[in-house]
Amino acid sequence: MSPQPISTLKGFGVTFKQILKKPLTQQYPEYKRPMYPRFRGRHRLWLHDNGLEKCVGCSLCAAACPADCIRVVAAENTPDNRVSAGERYARIYEINMSRCIFCGYCELACPFDAITLGNEFEISEYNRDDQIYTKDMLLAEPIKKVPVADRDLFDTPIPYYRSDS
Amino acid sequence: MTEPWWISLIKAIVIVNLVMLTFAYLTWLERKALGRIQLRYGPNRAGPFGLLQPIADLVKLIRKEAFAPSSAIDAPYILAPIVAMFTALAAFSVIPWGPGWKIYHWHVTGAVVTVPISLLLIFALGSVGVYGFIVGGWASESKFSLLGSMRTCAQLVSYEVSLALSVLGVVILGRSLSLVDIVHRQGELMPFAAPQFVGMLVFFFAGIAETSRAPFDLPEADTELVAGYHTEYSGMRWGMFQTSEYINLITLSGLMVTLFFAGWHGPWHLGPLWFVLKLLALLFIFIWVRGTLPRLRYDQLMRFGWKVLLPVATINAVVTALVVAAT
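So the sequences go chain by chain: C and V.
Heads up, the first sequence is in this note's numbering, so the first residue is 1 and it goes up one at a time.
Heads up, the second sequence is in this note's numbering, so the first residue is 166 and it goes up one at a time.
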């Protein structure tokens with residue numbers, strides 16, 4: 001270690017060198033950094049390949065939700081109005097995004113993988129009512145999309161609780 | 166023929182606006198330079214390179230509600246930032262930025278006013294400026310503001326002693342209290358930074374403390390204390406305190422250029438341009454110091470002021486006097 005005044009002067013050299021370097025800041029709205037693939041963002045509801053909803057309206061996601069932001073009202077499937085693959089379907093499926101804490105417990109609770117958490121995080125609105133996502137919004141492709149990093153490079157192996165599904 | 170009053174008035178208006186402009190872009194430069202030191206960009210959204218940022222800040226501060234605590238003592242509360250800013254601006258008026266020119270048949274001097282005791286005037290105005298900080302903190306009727314203003318004036322008063330003593334050597338060498346004469350004398354001999362190197366260092370350190378900038382920014386101490394004497398101020402009243410602090414910095418750098426770096430003198434006779442270039446270089450050094458050194462503890466601040474700067478400044482003045490008397 002060099003004596004006090006000299007090391008202080010060295011510090012001035014360090015800070016001056018920093019000025020000539022390129023800043024590390026990422027200019028967010030212009031440059032969107034690719035999201036980590038398992039980042040938990042905006043929810044999605046999924047359909048079977050034949051067009052039927054995976055959700056059967058069991059409300060397990062609502063029960064698992066610690067923030068109590070999911071509201072499910074189920075109704076019976078009838079032969080002329082078949083919506084889901086099971087006996088019942090979700091007549092109303094709402095997620096209040098302003099309460100959601102993106103913990104992913106709904107995803108874990110769902111027995112049919114009907115709900116998953118996507119990567120989109122740009123979900124701010126000017127109105128609180130707009131934060132309540134209805135079933136149609138959750139079933140549709142998200143409007144705003146963020147770049148996602150290569151899954152093969154960044155994703156970790158399938159966790160033990162998922163290995164059988 | 167000496168200049169009539171209206172030429173002084175024109176010079177005053179031009180200089181006040183130039184100083185305000187320098188202040189505005191000094192904040193820009195400071196944020197930009199500190200940003201780059203910390204590997205950030207600094208302001209870069211308002212206009213190209215963030216050049217409109219000072220104007221955006223000004224508009225924001227003026228539009229912001231000037232909130233006042235209901236228990237504040239109104240008249241001094243409102244007057245304090247005005248006093249602080251007025252003295253800061255007034256002190257710049259005696260700093261010479263050019264040798265003076267003959268225009269038509271008037272001899273126009275290179276300062277807003279030329280007084281034979283301009284150096285004393287600057288220190289006097291600086292001392293009055295401290296009242297703005299003390300009164301502002303006291304009139305807010307808040308214990309945090311009061312403590313902050315006590316902290317501020319303890320620091321400013323103890324460093325003012327060293328600041329005034331450190332220029333004594335320059336006064337002895339320049340044989341005058343007039344800044345114009347001191348600059349002329351430096352033009353004949355050499356910049357006083359060479360014979361008064363110790364005095365210059367003391368002036369620099371005391372100056373940082375006097376304008377309460379990092380590493381001596383205990384009056385404000387962004388991270389660990391509530392803002393100090395201007396805790397209860399907001400909007401443009403707060404902005405005026407901030408303005409006065411930055412203008413004090415500009416004045417102090419101008420004074421340092423005048424006293425130690427030969428003012429407008431330099432090769433190729435560029436005149437006022439030399440003054441501006443030296444001023445900008447000094448301002449950058451002040452920003453650089455802020456970006457490098459961590460803040461001192463309060464006891465370290467007081468120890469450095471009274472036990473290091475004051476004796477060094479006194480010895481420097483005495484030695485200079487002896488050397489001048491011997492030769």
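No lab work stands behind these hints, which were simulated from the structure alone.
Small disclaimer: the values here were computed from a predicted structure and weren't measured.
Treat the hints with care, since some could be wrong.
[Said to hold, decoys possible] Straight-line Cα separation of at most 30 Å, BS3-like style, residue types lysine-lysine; simulated pairs:
(1) V:Lys472 / C:Lys10
(2) C:Lys32 / C:Lys10
(3) V:Lys225 / C:Lys32
(4) C:Lys144 / C:Lys21
[What the hints assert, rightly or not] Here are the simulated distance ranges between beta carbons:
(5) C:Gly13 / V:Ala486: 35 to 41 Å
(6) V:Tyr463 / C:Ser124: 40 to 46 Å
(7) V:Pro432 / C:Tyr31: 42 to 48 Å
(8) V:Pro169 / C:Gly13: 24 to 30 Å
(9) V:Leu458 / C:Gln27: 26 to 32 Å
(10) V:Leu174 / C:Gln27: 43 to 49 Å
(11) V:Glu230 / C:Phe16: 37 to 43 Å
(12) C:Lys145 / V:Val224: 31 to 37 Å
A virtual CB, placed ideally from N, CA and C, is assigned to each residue, including glycine.
Going through the hints against the structure:
1. V:Lys472 / C:Lys10: Given that 30 Å is the threshold and the Cα spacing comes to 25 Å, the pair holds.
2. C:Lys32 / C:Lys10: violated, 37 Å
3. V:Lys225 / C:Lys32: holds, 29 Å
4. C:Lys144 / C:Lys21: violated, 34 Å
5. C:Gly13 / V:Ala486: 35 to 41 Å: holds, 37 Å
6. V:Tyr463 / C:Ser124: 40 to 46 Å: holds, 43 Å
7. V:Pro432 / C:Tyr31: 42 to 48 Å: holds, 46 Å
8. V:Pro169 / C:Gly13: 24 to 30 Å: violated, 52 Å
9. V:Leu458 / C:Gln27: 26 to 32 Å: Holds, at about 30 Å.
10. V:Leu174 / C:Gln27: 43 to 49 Å: holds, 47 Å
11. V:Glu230 / C:Phe16: 37 to 43 Å: With Cβ atoms ~41 Å apart, the hint holds.
12. C:Lys145 / V:Val224: 31 to 37 Å: holds, 36 Å
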